[in-house]
Amino acid sequence: MKKIFLIIITYILSFNQLNALIEIDITRGNLDPLPIAVSPLHIDIKSEKYKDIKIEELGSNISSIIEKNFKGTGLFNPLKKEAFVQKPDIAHLKPRFEDWRLIKAQALVTGKILVKNEKLKVEFRLWDLTAAKEMTALAFTTTPSNWRRVAHIISDKIYERLTGEEGYFDTRIIYVAESGPKDQRVKKLAIMDQDGSNTKYLTLGNELVLTPRFNPTNQMVTYLSYFRNMPRVYLLDIETGTQEVVGNFPGMTFAPRFSPDGKKIIMSFAEDGNSDIYTMDLENRIVERITNHSSIDTSPSFSPDGKYIAFNSDRSGLQQIYVMRSDGSDVRRVTFGKGIYGTPVWSPRGDLIAFTKVRKGRFYIGVMRTDGSGERLLTENYYQEAPSWSPNGRVLVFYRETKAGSKGEGFSATLWSIDITGYNERKLSTKTDASDPSWSSLLSK
Amino acid sequence: MIFNTSLKNIFLVVFTTLILSACSTAKKSGDIDGDVYTGKETVKYLASGVPDRVFFATNKSSLTTASRATLRKQATYLRKNKKLNVTIEGHADERGTREYNLALGERRANAARDYLMTYGISGKRISTISYGKEKPVNPASSPLAWSQNRRSVTVKVN
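For the record, the sequence lines run as chains A and B. Quick note on numbering: the first sequence equals residues 1 to 445 in our numbering. Quick note on numbering: the second sequence equals residues 1 to 158 in our numbering.
Please keep in mind that the hints were generated in silico from the structure rather than gathered at the bench. Just so you know, even glycine gets a beta-carbon here, dropped at the ideal spot from N, CA and C. Check the hints yourself; a few may be wrong.
[Claimed, not checked] A short, non-exhaustive set of chain A residues, derived as facing chain B with CB atoms under 10 angstroms:
id, residue
1, Pro231
2, Phe254
3, Ala255
4, Asn312
5, Val358
6, Glu401
7, Gly410
[What the hints assert, rightly or not] The following residues of chain A were derived to be distant from chain B, with all beta-carbon distances above 12 angstroms:
id, residue
8, Lys200
9, Pro216
10, Asn218
11, Met252
12, Gly262
13, Asp297
14, Gly306
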């Protein structure tokens with residue numbers, strides 16, 4: 001987001017949608033990952049130097065990132081490069097399919113890069129080894145310093161071609177970076193690429209910050225800050241670094257999220273101890289009260305069409321999840337299971353709500369249909385909460401805390417991801433302890 | 001004078017040791033009623049005999065009999081010190097979701113504030129702030145620690 005990133009799709013070599021024999025069924029989880037060979041991208045000998053980028057290593061660095069992305073999905077099994085049977089440049093022209101099949105690969109990714117006139121030109125091809133066919137090919141040009149994103153974009157295109165779903169690799173995660181002892185935590189806003197690289201800190205840690213969330217274009221973040229010991233919802237422009245308080249509320253505002261069109265922020269405002277849900281229009285500053293109840297109403301989340309709001313309320317006595325129309329009418333309780341429910345988050349596809357459930361002292365991340373039916377608990381732990389959806393609605397990221405000893409020792413907070421199938425639970429790599437993750441949408445569409 | 005101060009210091013050390021040992025024995029049982037903390041281990045004092053905090057049951061913001069007694073002492077103290085303003089911090093334990101806990105802390109702080117107001121303390125003198133589960137007084141993950149962390153604390157601001 002430093003610069004506006006322009007990908008110029010120069011030409012499409014071919015787009016052979018039909019006749020594809022390999023396909024991944026992602027509804028079942030990682031039962032049978034697809035063996036895939038990702039050949040290092042061939043470096044055109046006409047390539048020139050560019051700043052401090054090691055051109056000679058670029059081809060294998062890009063292919064390593066693609067492999068790591070694929071492995072992280074649990075749907076692919078990237079094969080070891082030692083077994084590769086053809087040089088990158090020759091394979092890229094036309095692979096000897098039978099040789100690649102010998103190492104049990106079913107799909108092959110090849111590519112070529114050229115760095116010239118301060119531009120990075122990339123082309124790649126995906127081959128179906130079983131059908132002995134090219135499945136997809138693409139070429140694009142960008143600035144060389146964007147080479148990591150090139151790897152993510154290639155990963156997205158291949159994932160899309162093989163699964164029929166949009167990818168989620170060219171994305172970022174904003175979160176709260178934590179350090180220090182448990183009773184004196186220092187918290188900063190941090191942003192990183194989905195694979196854990198390019199970590200940047202957006203606040204200095206002087207004040208407590210919590211629950212950052214992206215706007216739909218990923219340029220703005222709304223979060224809670226205790227700046228001057230006044231807990232309020234803030235708006236941060238990631239590009240310029242400018243921050244402002246959202247609205248002029250005479251008390252704590254918290255639990256902010258953007259509306260799906262990015263025009264409003266929905267949040268809780270606590271008045272005389274009672275929390276209700278409000279929206280504020282960012283253009284005309286008009287504040288609307290959405291709930292008016294003597295219970296705690298918080299953690300609001302819009303449906304992707306903007307027509308409904310899921311939220312958390314204890315109006316029944318304990319925390320449960322409710323759904324209402326976006327004007328606050330037609331409030332319906334949707335969770336009736338044993339235990340308490342919190343942090344509802346509507347999936348980007350609109351069909352599911354992810355939530356945190358607490359039962360008998362254990363914490364679960366789960367998904368259910370938007371009417372509360374079809375509850376599926378995906379993962380159980382000592383403490384975990386705050387799911388956030390990948391832009392394609394296939395994966396959830398959340399945070400987990402460990403049980404601490406008598407002096408707070410042994411405490412940690414970490415980010416995890418899990419498929420909505422309940423398979424493929426993974427710890428995300430972060431530079432520090434981390435919590436409150438929020439997944440961006442695809443940076444390039 | 002010097003002799004006098006050091007004597008005082010010795011007395012303080014002995015006294016603190018006594019309190020500490022009393023606490024460590026009391027910890028084992030009887031410090032939690034239902035799941036509301038009733039001990040003194042983390043408690044500080046606004047003045048002699050005026051505890052700064054009250055404790056709550058899980059997910060609750062209602063005041064217990066003991067809490068009301070503590071708050072009445074605070075009200076008396078505030079009536080005597082008319083120029084003193086306070087902030088009431090509301091806190092939750094770590095066993096709930098972060099956003100709900102922020103709301104719960106707010107509710108607890110306001111429960112204490114409302115009670116002080118019914119005893120004649122002007123609302124203008126009492127501000128509130130919720131920290132949710134962000135500032136545990138006891139960092140352990142145990143029922144005792146959680147009961148000590150479910151609290152509202154009255155803090156002098158001037």
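Hint by hint, here is what the structure shows:
no.: 1; hint: Pro231; result: holds (7 angstroms)
no.: 2; hint: Phe254; result: holds (5 angstroms)
no.: 3; hint: Ala255; result: holds (4 angstroms)
no.: 4; hint: Asn312; result: holds (6 angstroms)
no.: 5; hint: Val358; result: holds (7 angstroms)
no.: 6; hint: Glu401; result: holds (7 angstroms)
no.: 7; hint: Gly410; result: holds (9 angstroms)
no.: 8; hint: Lys200; result: holds (23 angstroms)
no.: 9; hint: Pro216; result: holds (21 angstroms)
no.: 10; hint: Asn218; result: holds (22 angstroms)
no.: 11; hint: Met252; result: violated (6 angstroms)
no.: 12; hint: Gly262; result: holds (21 angstroms)
no.: 13; hint: Asp297; result: violated (8 angstroms)
no.: 14; hint: Gly306; result: holds (21 angstroms)
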